[in-house]
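Chain residues, written in single-letter form:
2 protein chains.
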Amino acid sequence: MCPNLAPSLHSFPMAKAPKNAISPTRAEDYPEWYQQVIKAADLAENSPVRGCMVIKPWGYQLWENMQRALDDMFKATGHQNAYFPLFIPMSFLEKEAQHVEGFAKECAVVTHHRLEPKPGGGLQPAGELEEPLIVRPTSEMIIGATYAKWVQSYRDLPILINQWANVVRWELRTRMFLRTAEFLWQEGHTVHATEQEAIEETERMIDVYADFAENWMAMPVIIGSKTADERFPGAVDTLAIEAMMQDRKALQAGTSHFLGQNFSKAQEIRYQDTQGDLQYAWTTSWGVSTRLVGALIMTHSDDDGLVLPPRLAPTHVVILPIYRDDQSRSEVLDYVHQLRDELRAQQYAGAPIRVEIDDRDIRGGEKKWHHVKRGVPIRIEVGPKDLEAKSMFVGRRDQPKSFSMPRESAAVKVAEMLGEMQQGLFDRAEKLRSDHSRVITSEAEFRDFFTPKTDSVHEIHGGFATCHFADHDVVQPLLKELKVSIRCVPRDHNDQPGTCFLTGQPAAKQAIFAKAY
Amino acid sequence: MCPNLAPSLHSFPMAKAPKNAISPTRAEDYPEWYQQVIKAADLAENSPVRGCMVIKPWGYQLWENMQRALDDMFKATGHQNAYFPLFIPMSFLEKEAQHVEGFAKECAVVTHHRLEPKPGGGLQPAGELEEPLIVRPTSEMIIGATYAKWVQSYRDLPILINQWANVVRWELRTRMFLRTAEFLWQEGHTVHATEQEAIEETERMIDVYADFAENWMAMPVIIGSKTADERFPGAVDTLAIEAMMQDRKALQAGTSHFLGQNFSKAQEIRYQDTQGDLQYAWTTSWGVSTRLVGALIMTHSDDDGLVLPPRLAPTHVVILPIYRDDQSRSEVLDYVHQLRDELRAQQYAGAPIRVEIDDRDIRGGEKKWHHVKRGVPIRIEVGPKDLEAKSMFVGRRDQPKSFSMPRESAAVKVAEMLGEMQQGLFDRAEKLRSDHSRVITSEAEFRDFFTPKTDSVHEIHGGFATCHFADHDVVQPLLKELKVSIRCVPRDHNDQPGTCFLTGQPAAKQAIFAKAY
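Respectively, the protein sequence lines represent chains B and W.
So for the first sequence, the numbering used here puts the first residue at 14; every next one is plus one.
So for the second sequence, the numbering used here puts the first residue at 14; every next one is plus one.
Hints in this document: simulated from the structure, not taken from any laboratory.
Bear in mind that the values here come from a model prediction, so they are computed numbers and not experimental data.
Each hint can be trusted.
No copy is singled out in the list; a pair is fine if it fits within one copy or between any two copies.
Straight-line Cα separation of at most 20 Å, SDA-like style, residue types lysine to any residue; simulated pairs:
(1) K88 with E77
(2) K118 with E144
(3) K131 with L142
(4) K118 with A139
(5) K108 with Q137
(6) K88 with A364
(7) K118 with Q137
(8) K496 with E472
(9) K52 with W163
(10) K278 with S104
(11) K403 with S417
(12) K528 with P465
(13) K262 with I453
(14) K88 with E369
(15) K32 with Y43
(16) K108 with E143
(17) K118 with P138
(18) K52 with Q93
(19) K278 with P171
(20) K88 with D354
(21) K118 with E129
(22) K528 with A40
(23) K162 with E281
(24) K466 with D42
(25) K88 with R357
(26) K162 with D55
Construct all of the structure, not just a fragment, from the sequences and the given hints.
The structure is reproduced here in structure tokens:
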């Protein structure tokens, strides 16, 4: 018997599934749901090395698609890629006081350059280095040392370089994609002749990140400045994009730092200006990482697993052939191969539609759920009856019920549906954020907003509170008590002065307050 | 005065240059010439970290083009990308005896996870790790540990995964691109149910590398097996591609290893076969690195700098506008923008022609040599006279003399010239190899072939000697004396038995002998 026969895919429509594919659900235990989505979608797993993950092919393809889109955006804004060393001599890190303060507590230190047999068996480190090397937690210090050599004259500026690389920060509490000891990222490092140009670059790149988050990831973000205690160590100003996850916590998804002359002074990055005078340059740095994969998962996925915005999905459409015997197999396969080729000839978002046929010899229901959990935007099931009716059975990852559709409309409709889904995911995420954002003007309301109403540690509550506040230090104890932080001072906010939600004092600025990852 | 005016580009044809752009020339001092080509082409430079290089934008674009082409070839042969940890616990390395022997002597060892202030100032490592971590020199041990979990049944096989990553080997004598402490590479790691399948994979991937070397890099290669002492530590068989550089030395440009069951036994990678019996799997690994950039430089470049095979060149055509005043500037720029757009609409080797305009405000001669040294395949100079004559002045990087050409033939001719250059570079490299390859049957001839004829340490001599040899250990002292090594036992060789060039004994196999990088 052909294992694809019973039960047929059609007999297992998603809406009738006995239960959700992911257990626990978001409502039951959001952090555990997140881990289970990653597992069910085969995105990544913990490795035998403490705090490091293995990014599996489906997760890595997602990251590759992100990389490709971002890389094109960086190049379109005049940047070039380069590559700098993995290691930073310890003495380099000491040059910028705040910087070393920020990174010294969690870095991997290389002290030896070989292994030798240990008396009694096994190996031990040998060949001690004269100066320990740090595995880069970020590359300001090693790249800056090189820039100091490259920059002589105003003619050498600006330098607009990006690097795709791995970095290591010895995090104690890790969570896949969100916080791991090693992670993959890109880091832009630029040098400018004037403060104004460097500030413009900082703004330009946070705008690129916001564009990517909203138009590729379908994830609405707020652009704003970090307060002093949340700034990048050594930065004058840190701009960030902040997104609301489905548990209403904030996630910082990308940062762009205006470094002023702090690093150019620490590293002697100086240039001769048009008058022949020596000036310190102005620098920036900016980065996003594999954390974006975590943000994407937590923004869109549901209790049946991963949901992918079509523009980043490794596969847009999976076609599942169903047949009873060798003859229907051959007919169905002909039909689906034609369908695949026709779809591949179509464009979605400026590139060919990515279509796969899953002809594995496993049960239809299992096969279908495999793709549901992995977030493939559109499933098309084709059986012998569809051949007769010249139809196909379509499942959209963003809708509970599958439906039949004429085969002849596939070419037009599939691209259209992908576009609808991309927009629909963004709209849904924006509605969630808007439903759980509010302006708060009193301590009582603030406390109420951020306090669970039940005994469950898993209660989803809170959201984004926009509050005037007068003094960072004064609000800090309350924030600590409620486990809330200041996410950012939004750039696009109405800058009306008001009164501090806590003290009632006049306050010039509003900020977004939230619990956060 | 417009700095583009005098001297005009046309007055500095390459053939009349007072001397070569690179000093020393290849004949004068080949190793130093290599360093100077890298410097003049702005490909890379030494970093402040011992043995590590900075890959500059032009060099990195070249690597990106290589990556893109190889990645497509890997995917076309059924592989997917993934990412595994940078660190390997020391105990993992101990599991395969030959493997640890091969890598323990040159690895970066992480022993601490933070820095703390040192009494008296500065920092010192703190937070000693329970088990030291090795920065991966290659990832068989960390990837194998994960595969052991993934592989349960024959249904899980084959696993066909590739990783793009950085690796570290603590080399004492480094040379940019060819041998650096940190380098970028890809490493494929596959698992198979049968020996036959694993051997086929090993062969398939060395064929992919040979295809890439010959058809993208325009670098002819010989495919063969390494002798036991040159094998990858732990491999049963290592296949390599070997190329001849212009100093007639061999360079190993890529390797593909059949690992047998050595690693699956060391790491317990076992699967249940169709009968339900537990079997050790068969594994392979294969890799190429940024060393390919070094190979490309040494294969094609000349005494004026880098020469790039068009398929990998970051820029195919650079257009250099020449003008005298604002009016001619505007006319010339119109002309070159149209030319650029027209060329960009053309295809070469299945992709749009990559065209840039260099309108920097520097002297024409300087600008032209800038692009010559960087290896841009085609330069097109356009001045006011070309507008009148509807012509353009074309310089090919592979020909000494520039020539005028009708503007209207640009679209067709440029793609044609790029194709000619790609083939011409391959043919020239193949001729060099053929001119300096010979079959050698006696010790006297062997000594003569590999001994310089002058006192100069920089004399270019030797080449590839194909010799029958009976016993590896017996020829070893002679090889050591002459600084020659066995490069490989060529796969495609006529396998006629013969007599050993050294001992006269019967010998079943021929090998390629050469001095090597």
